[in-house]
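So the protein sequences, as listed, match chains A and B.
Here my numbering runs 376 ahead of the position in the first sequence, where the first position is 1.
Here my numbering runs 78 ahead of the position in the second sequence, where the first position is 1.
These aren't lab readings, by the way, just hints derived from the structure by calculation.
Hints may contain errors.
A few chain B residues that face chain A, going by a derived Cβ cut-off under 10 Å, partial list only [what the hints assert, rightly or not]: (1) Asp113; (2) Lys149; (3) Ile150; (4) Ile168.
Quick reminder that beta carbons are idealized off the backbone N, C-alpha and C, glycines included.
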Amino acid sequence: MIVEISHFLSILSTALFFLAGSFALTLKNTTYISNLISRTYSHAFLLLSLSFFIYIFLAITDNFSVQYIANHSNSALPVFYKISSIWSAHEGSMFLWIFFLALWGFIFNISIYNEETLKPKTIGIISLVLVGFLLFLLITSNPFVTILPIAPLNGADINPVLQDPALAIHPPTLYLGYVGFVIPFACSLAFLINNDPAIKWEILVQKWSVAAWIFLTVGITLGSWWAYYELGWGGYWFWDPVENVALMPWLAATAFLHSLSVSIKSSHLRTWTILLSITVFSLSLFGAFIVRSGIIDSVHSFANDPQRGLYLLAFISVIILISLSLFISRLSLIGTPNNIKTLSKESFISINNIFFGTLIFSIMLGVIYPLIYEYLYDQKISVGAPFYNAIFIPIVILAAIFLFFSIDSKWSRVINLKFFSKPISLSILFSLAVTLLIFINIEKVSIFILCSIFAGLLIIFRYLIEIWNAFAYKKYLNPFSAIAHFALGLLLVSISLNSLLSSERALNIKINEFEQYKDLKIYFTDLGVNKGSNYDSVQAKFYIEDQNGNSFNLNPEKRRYFTRGQITTETAIYVSPIRDVYLTIGDQLEDGSWIVNIQINFLIRWIWFSACLMALAGVVLILSKRKV
Amino acid sequence: MNPIRKKRLSSILFVFLFSVSGVSLILYSLNSNLDYFFTPTELKKVQMPPNKRIKIGGMVLEDSVKRNTSKISFTITDYENSVIVVFEGIVPDLFKEGSGVVALGYLDNEIFYAKEVLAKHDENYMPPNLDIKQ
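Just chain A, same shape as in the assembly (with noise of 0.2 Å):
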């Protein structure tokens, strides 16, 4: 009875949001049709909400009436995970998209005044946006269905894999980021329809935008922190297509950010600005696409359904055929004022357009190859690692090295950049120092990841200089640019440094015997089984000691989970700043040892650190009161 209330309300909201969506386009802008349209919207949010909240009360008392919540959620959970059990499948999952979407929508309509021109134009964009994702929820996607007469006793429980903190708040997060493109996608198409170039979009949206960067950052942050940890991948990235539908919002969005700024100060750039925008969220669609239309193999994609993904690529094309015929049409319109002074910051930011253009250029070939491939010539192929390497690690250095010597350039001013300036020589020398040192201490190093080492060690340093700068002399300072970039340099050492001394091996151990690692003793000490709430486990005990002497305990376990019978793997870590020690254990062999697979892990927890100092410095611009 309640569900079908929810399900009602849901309905409605559709209805008024395209009532919000047709004033917006249909009637002339005046103050009236403003105040209309911002509350006609702000109703129909109202109205969306509440059939979100009473889903999610369902989902709490357990009513096993609703066929999604049956097959997705048990009585036994604990309430946390009874509520993050919405998004672990598709129906329950596109449903708190929508939410998301409509409430950056209603953010933006209570924090921005009527007055804005561009706000009842953005407002129905999204209105409209919303109506075709509500429909793809009703009709090919109801998460209201219900089981009657007799609903069952109790659920199916949700995936042991994703019943984990990490999990119930990876996917909100990275959602958030995906559609909080909405509003300078919104924006920028209303600026488009206005046709008056006077009007500044650009500075409406910055923070808006960045607010979705950093959702879209600490998203993919803690998916790939997840899948470490919880799925016992061992790694931090694997190119699985789903990662790489994620990246490319995320590249396009950065991209997006950059030129932004361009725009804001200058003016320059403005057609590029809107066509990233675009090219944002059309990609953050594209990857609700690929996830949902289980047109591609992924550990992550949801089950396969022809009618969802024509739906939704039905949906897409409109929207980016729309868009880009706009774009085109008014192209004339935003036309530059004058060329871009070489040498100037604008003249790098350009560049750097060009090198983000190539990476999503060349990640979304690797996503749609196979595709492709398979149609021709009837043959199945996986695109793997290598090839993004081998894209990745030139562009990134290249772009690396471009952005070193991009920090003394000035907007709009072509300066005579002294390329053997003290800082730039001083932090030349000293990453020169430093990759050297790495090149006697460590054997076999390629030199491509010598070169992104010192790429990296270039930025570090150079901001280190310019930091030290802003406090003793009271030079000026960009703080997020510097906290940003430094956080890349960060990256990318820690990502080089990584892949370089990190190491695994299977080994095979008996209970109170030990083996050597490394410079890691391994020693069995204990086995035991162990009951949880809803699952059986083995548990190792495993004490270690390093050539110094320290010492820990890990407790690696194997669950077999009762409702589904699912064996999962829970790894144990020993984390330390400098490195991980990563421990799994495997089956039993016949002579009673049991496998033990150990991974060392370097400087992984810096990778996730400089993702988050990056999303921090999102955070230090949106607290700013200065327009950047």
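Fit chain B to the supplied structure of chain A, relying on the hints for placement.
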């Protein structure tokens, strides 16, 4: 041609050549880094150089899993043909006899040396090209 047009033409040519060479570089590296996917039957039909990284997929044959020291060997089958796979390391949780598996590695003398063994994190997962049978 007047100088402005000449300049414009040369810049268009430059951009064109630049992007064509860029795209062909990317395509080249893409083509040299592809992993072909085969079922055991498809593998029988093609001649595979031993240093070519490929993926094979199928079901793990019942009673074929043997473990000794840290190596595990098993047979991937599509119930018409089969391939023996040798792998060093821990197989994924969902790896079991009679269920679907994908292995990435190199074929040498009819034996497949896997570098990675994947079973999807979904108990209903079927490797591609096998979903009709069973």
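For the hint on Lys149(B), just tell me whether its beta-carbon gets within less than 10 Å of chain A.
At 9 Å from the nearest chain A Cβ, Lys149(B) passes the 10 Å test, so the hint holds.
Under 10 Å is the threshold here; is the Cβ of Ile150(B) close enough to any Cβ of chain A for the hint to stand?
Holds, because the Cβ-Cβ distance from Ile150(B) to chain A comes to roughly 8 Å (cut-off 10 Å).
Can the hint on Ile168(B) be confirmed by a CB-to-CB distance to chain A that is less than 10 Å?
This hint holds: Ile168(B) lies near chain A, its Cβ roughly 4 Å from the closest one there, short of 10 Å.
Asp113(B) was flagged as interface toward chain A. Is the shortest Cβ-Cβ separation under 10 Å?
5 Å, holds
Violation of the numbered hints given earlier is absent; every hint is satisfied by the structure.
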